[in-house]
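Engineer: Here's the letter readout for the chains.
2 protein chains.
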Amino acid sequence: MVKDDNMTAANLRSAFGGESQAYMRYSYWGKVAEKDGFKNVGNLFEAVAYAEKVHAQNHFKVHENIHGDQLVPSMAGFGVGSTSENLEAAREGELFEVDQMYASYIAVAELQEEKDAKRTFHWAREVEKVHAELFEAAKKDVDSGKDYTPSSVYVCEVCGHTHPNDAPDKCPVCGAPKQKYTEFAS
Amino acid sequence: MVKDDNMTAANLRSAFGGESQAYMRYSYWGKVAEKDGFKNVGNLFEAVAYAEKVHAQNHFKVHENIHGDQLVPSMAGFGVGSTSENLEAAREGELFEVDQMYASYIAVAELQEEKDAKRTFHWAREVEKVHAELFEAAKKDVDSGKDYTPSSVYVCEVCGHTHPNDAPDKCPVCGAPKQKYTEFAS
Ligand SMILES: [Fe+2]
Ligand SMILES: [Fe+2]
Ligand SMILES: [Fe+2]
Ligand SMILES: [Fe+2]
Ligand SMILES: [Fe+2]
Ligand SMILES: [Fe+2]
Numbered sequence: 001m002v003k004d005d006n007m008t009a010a011n012l013r014s015a016f017g018g019e020s021q022a023y024m025r026y027s028y029w030g031k032v033a034e035k036d037g038f039k040n041v042g043n044l045f046e047a048v049a050y051a052e053k054v055h056a057q058n059h060f061k062v063h064e065n066i067h068g069d070q071l072v073p074s075m076a077g078f079g080v081g082s083t084s085e086n087l088e089a090a091r092e093g094e095l096f097e098v099d100q101m102y103a104s105y106i107a108v109a110e111l112q113e114e115k116d117a118k119r120t121f122h123w124a125r126e127v128e129k130v131h132a133e134l135f136e137a138a139k140k141d142v143d144s145g146k147d148y149t150p151s152s153v154y155v156c157e158v159c160g161h162t163h164p165n166d167a168p169d170k171c172p173v174c175g176a177p178k179q180k181y182t183e184f185a186s
Numbered sequence: 001m002v003k004d005d006n007m008t009a010a011n012l013r014s015a016f017g018g019e020s021q022a023y024m025r026y027s028y029w030g031k032v033a034e035k036d037g038f039k040n041v042g043n044l045f046e047a048v049a050y051a052e053k054v055h056a057q058n059h060f061k062v063h064e065n066i067h068g069d070q071l072v073p074s075m076a077g078f079g080v081g082s083t084s085e086n087l088e089a090a091r092e093g094e095l096f097e098v099d100q101m102y103a104s105y106i107a108v109a110e111l112q113e114e115k116d117a118k119r120t121f122h123w124a125r126e127v128e129k130v131h132a133e134l135f136e137a138a139k140k141d142v143d144s145g146k147d148y149t150p151s152s153v154y155v156c157e158v159c160g161h162t163h164p165n166d167a168p169d170k171c172p173v174c175g176a177p178k179q180k181y182t183e184f185a186s
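So the protein sequences, as listed, match chains A and B.
Just so we're aligned: the first sequence equals residues 1 to 186 in the UniProt record's numbering.
Just so we're aligned: the second sequence equals residues 1 to 186 in the UniProt record's numbering.
No wet-lab data here; the hints were simulated from the structure.
This structure is a prediction, so every number in the text was calculated from the model and none was measured.
Hints may contain errors.
Unchecked claim - Calculated Cβ distances over 12 Å to all of chain A for the following chain B residues:
hint	residue
1	Asp5
2	Arg13
3	Gln21
4	Tyr28
5	Lys61
6	His67
7	Gly79
8	Val108
9	Lys139
What the hints assert, rightly or not - Which stretches of chain B does chain A cover? Using the computed rule of at least three CB atoms under 8 Å from a CB of chain A, they are:
hint	segment
10	48 to 60
11	117 to 125
Every residue, glycine too, gets a C-beta built ideally from N, C-alpha and C.
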């Protein structure tokens, strides 16, 4: 939990808003990909959407002691294009989170000695690096006229770590065992 | 779709942000309710979360021709309390949407002659009225020491209309037939 309604709490809200919108956007783009015949890209979007849900709810939990309605400013990507364009927009959003948003939020959490917030931001940032790579790989496949190659994607329910084809024995981000991974198969 | 990036487009983004966060909050509060032994309240939260997902994605679709990253300011409720407290916070959020948010957004959409946006705001507002009533009923049950009475809740996948126990022959909000309802059972 956070100490009080400080800058870190505002950052948790903003990250919650951004992750909630990312969940919603990826669910939608996933349906577009499936409709356009890219089943495995649809499955990837669905798996990553679930990972963003894990991030959003982890942030919400750390913020649980602060009650009430708040105006939440958060960044979000918009627009519906071709699946190649949607994958590129998704990758750019992930890189913004890695380079700007979570990098800044982690620095503030450190300054304010907010350990729980620092951990949930750190886990999310490490996972977003993977998401950017997965979307890049999927875009390469789509741009060469194919579907995304892996038909199965695993997501760690503790931190959202996302891994194509199989689950690692131990989550490289949060240390959870293999059994904590959920499979998404197209 | 919207004509251009006008005030209605900004309102669609804000409503998308608010609905996305409502989805996430209700999913979380639903898990809390189940953990506390209120299975049917957990099921109600899950069904209403799905309805908010329908609202968010309907707004996203109307906004689909505007591309790029945007700072989205949206209202959201925070905090995790007892299930009775969570139901009350949920009801207050629904009433804010009915009385303030969607009432205002509909007026602006009318002024700007944005038909698609007006429809998605109107459908959501009608459904939020129902949500406020359902949360009030559930809170009454919980406050008298029982679980929420209905163990089954139906949601219209077109507009999010939410109905306990059974699906109406025709959705009273969007006119969709009975087959468009998804059942949530605890
Ligand atoms: Fe995330
Ligand atoms: Fe991500
Ligand atoms: Fe993990
Ligand atoms: Fe809604
Ligand atoms: Fe609602
Ligand atoms: Fe409906």
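Engineer: Just pull the numbers of the violated hints for me, sorted ascending.
Structural biologist: 1, 2, 3, 4, 5, 6, 7 and 11
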